[in-house]
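Since the structure of chain G is already known, use the hints to place chain B on it.
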Amino acid sequence: MTPTISATALGRRYRDQVALDNVSLTVEPDSITGLLGRNGAGKTTLMRIVTGQEFPTAGDVRVFGEVPAENDAVLRRMVFVREEQTYPDLRVGHVIQVASWFYPNWSEELAQQLLADFELPLRRRIKKLSRGMRSAVGIVIGLAARAELTLFDEPYAGLDAVARQQFYDRLLADFAEHPRTVVLSTHLIDEAADLLEHVVMLDRGRVVLDAAADDVRGTAMTVSGPAAVVDEFVEGRAIWHRQRLGSRASVTVAGPLDVAAQARARTLRLSLEPLSLQQLLVHASGISADEKVSA
Amino acid sequence: MPALDEGTPLFVQIAEQLADDIVEGVLAEGARVPSTNELAAYYRINPATAAKGINLLVDEAVLEKRRGIGMFVAFGAREQLRADRRKRFAEQFIDPMLAEARRLGIDTDTLVSLVRGPGWHNGGDTP
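Which chain is which? The protein sequence lines are G and B, in order. Residue numbering for the first sequence follows this note's numbering, beginning at 1 and increasing consecutively. Residue numbering for the second sequence follows this note's numbering, beginning at 1 and increasing consecutively.
Heads up, some of the hints might be wrong.
[Claimed, not checked] A few chain B positions that, by computed beta-carbon distances, are all more than 12 Å from chain G: (1) E29; (2) L39; (3) A83; (4) R85; (5) A99; (6) I106; (7) V115.
[Said to hold, decoys possible] Simulated restraints, written as ranges between beta carbons of each label pair: (8) B:E64 x G:G236: 54 to 60 Å; (9) B:R82 x G:A58: 58 to 64 Å; (10) B:F93 x G:E232: 20 to 26 Å; (11) B:G68 x G:D231: 46 to 52 Å; (12) B:E91 x G:A228: 24 to 30 Å; (13) B:R67 x G:A73: 33 to 39 Å.
Read the hints as simulated data drawn from the structure, not as lab findings. Note that the Cβ used here is the ideal one computed from N, Cα and C, for glycine as well.
Here chain B stands alone, though its shape is the one from the complex:
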């Protein structure tokens, strides 16, 4: 079983993992999403919790219910999720990186060269 972390409510984590799969293309648009019971068995969680996670994505129109058949990835869901994540990218990744850089005395130029030149910071020679 993939590890679920302790802090975030379980149903949010279920939604996030499904969203990850959609962004990465593991779950294609139009593909059927695992059922509540399948998710419950896989993650070893209460089915009601799994249902709550799925409903979170239904509310965001990432998943859509087709009566009698199951739950499917909505068309346009991948781009929608990517756009949402781009909006949060700075806050989630850049801000903490800048804070750490400041603590370590890494100036902006060095930071930029780190981002530009992979390999440089691994101890290899500068090209």
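In isolation and in its complexed conformation, chain G is listed as follows:
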């Protein structure tokens, strides 16, 4: 099957600043991919290139097997919801109506349901909306469009935890019934982690992690207990981080730990804690740009 997105040695330079550097990745159809990384890591640039809003200065990107830039046939099959998306200053109901004309798979039923979920005032002008409400408008459009490729770039500025959970729930439910390719960039990593099937992590314009979400769990483990016991246990493993408090030590080692190692840790009464995706990102951002986190 043709990947929905495939990028090969993609680069983007702004004068002397490198936004994307040798980025190669594929996004498979009907999957939810998390695009993770710090601010300025290149997430938005990558999404802008994928959606044909920007040209790469090196390499090649294909969406549905074709070059997306100025390609109406490809662009109609995708929806891109940006962080702090701006809209013409119409009433909310009109913005939704205009969007419905643009997307061929638009579901009016879902749109109405989402508008009610987020309690959006249809007659209010966009300019009079709070930041969170404006984000909600983007989410309504992004989900109701049911586009084959749906890109969300930090879609929830100003949304509270309850509204974000609503977004995740609706995304999952609608994705289950109408599978499509979703790319979600976020810095609320642990919150979104379980939704993701695939994870791509960018740091300073480079891909530092590109793996199935299942494989990422257990990529690294923190072992803690009495220092001598911990030291013995971690011997021969790649050590990422070491911390000591009095006679206790806590050491982060590259995983995964097999069943035997886990049983041994239990017998030695060491506590094992896997690194969360969030902590993994912090670690990946700290390593030198040439290294890749292996999962």
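Same frame as chain G, but now just chain B:
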């Protein structure tokens, strides 16, 4: 949502929770198992992950697919799971208990009396 722990892959946890339900009889043999999408919505996880969990149990013949209807608990699944768990019981529960007992200086006789006489270790009088 029931808490899923961080360490074990999500799909393994899904399989384990379904297996728990079968062992406890919450999911009877022959009963329909929640669909991939129902599991995904309930646990708030990717549907592909839920499907992987279900497939794990299909591979072990604990669940069986009936074309067009859904996924069902296989007959004999409960006994099969119980037998598997009995095999792992010593390793999972007894070994760690013995290790801790050794550390605390609890000898085997005391241990046996602890297992035999519930209430004794709660500070109550010995009957």
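Output the numbers, in ascending order, of every earlier hint that fails for this structure. 2, 5, 8, 11
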